[in-house]
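Asks: Chain residues, written in single-letter form:
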Amino acid sequence: MSNLAFVKADSLVKEFSIKPEGISFMRAASVQAVSGVSFEINRGETFALVGESGCGKSTIGRLSIGLLKPTSGSVYIDGIELGSLSGSDMKRMRSKMQIIFQDPYSSLNPRMRALEIVAEPLLAHKVYSSRAQAMQESMHLLEMCGISSSLASRYAHQFSGGQRQRIGIARALALRPQYIVCDEPVSALDVSIQSQIINLLVELQEMLQLSYMFISHDLSVVRYISDRVCVMFLGKVCEIGNTNEIFGSPRHPYTKLLLEAVPKADPTQRKDKDVLLGDMPSPINPPSGCRFHTRCPYKKGICSELEPALEIKGDRSVACHFPFS
Amino acid sequence: MQNQEEALHADTALLRIAAMLRTDKKAAFGAVVIAIFILVALLANAVSPYDPYKIDLANRLGPMSAKHLAGTDSFGRDVLSRIFYGARISLVIGLLPSIIAILIGTALGLVSGYYGGFIDFIIMRLADIVLAFPSLLLALVIMYSLGVSLLNLFIALAVINWGVTARTVRAQTLSLREKEFVEAARACGVSDLAIMFRHILPNCIPTLLVILTLDIPEAILSEATLSFLGVGAEPPTASWGLMVSENKQFLFSQPWVAIAPGIAVLLLVISFNFLGDGLRDALDPFMSE
Amino acid sequence: MQSVLEIKGLTTHIKTKAGTIVPVNGVSLSVLKGEIVGIVGESGCGKSMMAMSVLQLLPAAGKIVDGQALFEGADLLGMNKRQMRSIRGDKISMVFQEPMSSLNPTMKVGKQVSESLILHTKASRAEAKERTVQIFQEVGIPDAQRRYNSYPHQLSGGLRQRVMIGLALALKPALMIADEPTTALDVTIEAQILKLMKGMQAASNTSIILITHNLGIIAELCSYVYVMYAGQIMEQAPVFELFAEPKHPYTQGLLKSLPMLGEHREKLHAIPGSVPNLASLPPGCSFCPRCDIATSACYTLKPGLEKISEARKARCLLYSKGVAL
Amino acid sequence: MLKYIVSRILVMVPILLGIVLAIFFLLNVLPGDPVSLMMKDKIKPDVIDNLRERMRLNDPWYVRFAVYVANALKGDLGYSYRYHREVKDLIMGAFPNTVKLAFAALAISWGIGIPTGIIAAVRKGKLSDSVLMTFSLAGVSMPIFWIGLLMQYIFAYKLGALPTSGFSTLKHLILPAFVLGWSSSGGIARMVRANMLEVMKHDYIRTARSKGLGETRVVFGHALRNSMLPVVTMMASQVSWLLSGAVVTESIFAIPGLGRISVDAITNRDMPLLQGTVIFTTVLIMLSNLIADIAYGFLDPRIRYQ
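Heads up: the sequence lines are chains E, S, W and X, in that order. Numbering follows our numbering, with no gaps: position 179 of the first sequence is 179. Numbering follows our numbering, with no gaps: position 239 of the second sequence is 239. Numbering follows our numbering, with no gaps: position 168 of the third sequence is 168. Numbering follows our numbering, with no gaps: position 120 of the fourth sequence is 120.
I should point out that these hints are in silico values taken from the structure, not numbers from a laboratory. Just so you know, not all the hints are guaranteed correct.
Unchecked claim - Computed, partial: chain E to chain W, Cβ under 8 Å:
1) Met139
2) Val191
3) Ser195
4) Arg270
No residue lacks a Cβ here, since even glycine has one placed at the ideal position from N, Cα and C.
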């Protein structure tokens, strides 16, 4: 299993200091956005990271491609630890891993044309000897992602949200990466456009043998696109496993309630559902024991005292003292 | 929301400015007056009826007349010609030190915002220091220390005015640095320098333009004031501030001679202010970014 | 049953740099007493502008050019400012998408609610405060007495939206318009807010217009649905009928393009093209450039909203009598 | 909140030191030797040597700097060559006059600027917006010395209503305060207007309207406080602007204040006096900066309850 893994994360921890601006001598408080997360992503697989805001999923995505440095723990891409690489080796490594962003507006430089945006990574890595070749390749990539070449010299703002997302995907593909982090790639899109982009991502994966980390809060999309899924709560893993199994029979109470909370587009399935009470606890001051216990309807005494370990059973792991079976 | 995003764009910026000039009468007035002053300054020797330095003691403090449209000063020099020549000093002092200050401020602001940390701390404290001085007093001290001359005035104004630009560019850099297109460039292995020049700087340009149109009138006023106080241009230079100062003792007998150069200052400065306000309105989404 | 609000032929224009656009184009709808009516549509379809028109809260560039909005027998659109103000907040209230930006950051949240009570009921400060604390308790704000004195930034997103709902329901209005009330919230918080809205609605018999892009929310809450596209109502139907058998090709496409939680389909259906730009709509049916079954007639003829059954209408030439397709 | 105030004060210290250093450097290190500059060649060499010794000019500049700062902390700012008096006493004599002028000008500036900004914003694009903003902008666009002269000509000479110079009665204060106040009202009006327009676009204004509040309540109850917050921080830079303007105003109207002293010090090349005045003025500005920051903290609950 692990020799197949293309991406391997080992006990990742990431702390951010929250410092009042300009006051350098005051002691900075810190927030642990990611607290000891490990996972593996196999070649050609879609691994989904789900959870609500503040659960650390975007941070993990950035850690996994070296855009952020972990406070502790390590990331291996194709067996090589990112933290050990020198600047120039890291630059070479970057061509293996890329990222697609959520916001199709802020992810493209408003002062560049679509063609230049996609060509930029090619030029930065001097993939081609001439600029003209890079532009030609950029044109090809845009077409592959459904942007016709007649539009390639337009500026980003002249495209619709869906088209912009396609340009972002073309840019991510430019260096022929094997691993792509998709950070909420369809959350900002209209319903009718979402499925276009999802289909494109799936097609590209089949064509180019890509591994995806698919970060999303939309469980329906995750269910559709992913092979395996990791549910997170406040910087910790709740459970990891095969998507169909987790969605079919969640073992962690959070997963179960999260699934129930999603409004179903079918009025015949209306029911008075259990609503998860309370708010997301503060990451600055996380609850003792199991981080979910303040909101968990099934909690018992031990939950507030002892943090449950991630129990691994086959390819399914769960971190709960009293998991559903 | 989409409209605002669209506004955040380069080639629409020019269109927006053009549209602004068409609809904003005050800004259009400003642009026209500035253009006239620039023409007068360039062609001063052609449009001036007299040599601005020619002393004619027989015609001292002459009234407004067909021969001397704005009268003559205490040395009998033609006031209108001196005002025309004075436009040169005001425009050069208004434009060049401001541009230099903006270049300095932009460079420091970019580095400060992009790299952060210690270098940011140092640059920002320097900016705090420059900004905490009352600008006129700082200029006085610099002129005292370097000696009175137009060149030194030039240096003083450039040194004083970079603070605001540095702070603004830093703030913009900080917010742009977090934008996903900058992250994407980093993920692609684009170098820091290329990110600063290709991704950050171009998105700051509209803001810089607005700062420039607000700095220029300040600089013009500073030159006039310092020259008035005797620590700017030196006699017999035709500088508007100096002209008021030279003739202020005749204010009650021959008011026009002291007042006319001030009208020129007012016209030029208010024109820049009108244009600057128009630009700010037109480019507003950039500013609030 | 008696209708609370009856909108007839509402048309609103907005002046933009690109010319005048028509975000609301001849919209008619009615809301019955105690009913939750859903308006669903994608970005730029005019659903928010329609709500703003009803309360005359349009931005300065907007103008209502035609139509009526009969509320308790009186036409809202013909009212002067003073009459309109006595309706707003008291008889008709609103809940907006962003609870953070919708609350004044420098005013205590309690005061923001009691302000409205004082204005409309002439209550004294002390009475208004007492009533506000009571309302906070009703909308499930824990520690309501203390929260009265909180500022918006001290509350979580969910609590802020509870404050907004408390504000909207403070005076037991006949109608509440909720514009994307849960879009900015996490799934579990969304479920809480939806449950709260449903509960409050049942208790006070307030009618609700629920504006959303999320078909799931429509399916869970509404009894009757209007589907908007490019400023027009494309289809209207009771919720069960709409989801069971959508009549308009746009509605059909939308429903098919949703990845469903319960199943794993091979390929998602996608509506091609982009969400329409209101500044450049096609001459015929506004949906025809993206429609699978459009014929040449669709490009020239503007379809009317045709009655299909007692409770249903659809704007498609399929249902227009006397048009050969 | 206390943490906020303390941090603000601590941030001030290095800036203040930097400013004193910068002034000291400009006045003591750059132009060579103030004594020979001052004395030209009128005095015997041994007198000069004596003076140099007394002023510690033979010490390296950083020693002189340290001595200067140490003395300044004790309240000793040196001795004026020109007036043969303690710099401290001269400053203390001039300070109240400048304070009077500055406060009167501030009152006029806010009195014109804030209402102008509010009305212009509420009536954006209307005639009143245009007229009011042009009036305010004209104030910033005229050189203070010129408008001062113009006012003297009109009110003192032509109408004979007000005195041209001196600072003995309240009447003397009217013209200079108006000149200085008008000239800084433009910045305030611009800022209030811009903030007001910005704030009026916010969602909570729409919420306030959706409650049924009248437009006056919306503007004064919800928009004003939020749009005045940045204006408070501007107060500090306004004090800086007023003190700069006071230099010119005091010269024109012959008011014995700090600005007048500094111009005198320059014309007489009285370095210790110039240095003392500039440093004192800068400290004043830093203090008003601090007050503005603290006021901002109190007014904005997002900082107060951090």
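Asks: So, for every hint listed, does it hold in this structure?
Replies: Outcome of the hint check:
1. Met139: 21 Å, violated
2. Val191: Nearest chain W Cβ about 6 Å off; hint holds.
3. Ser195: Holds. Min distance 4 Å.
4. Arg270: This hint holds: Arg270/E lies near chain W, its Cβ roughly 6 Å from the closest one there, short of 8 Å.
Of the numbered hints given earlier, the model fails hint 1 alone.
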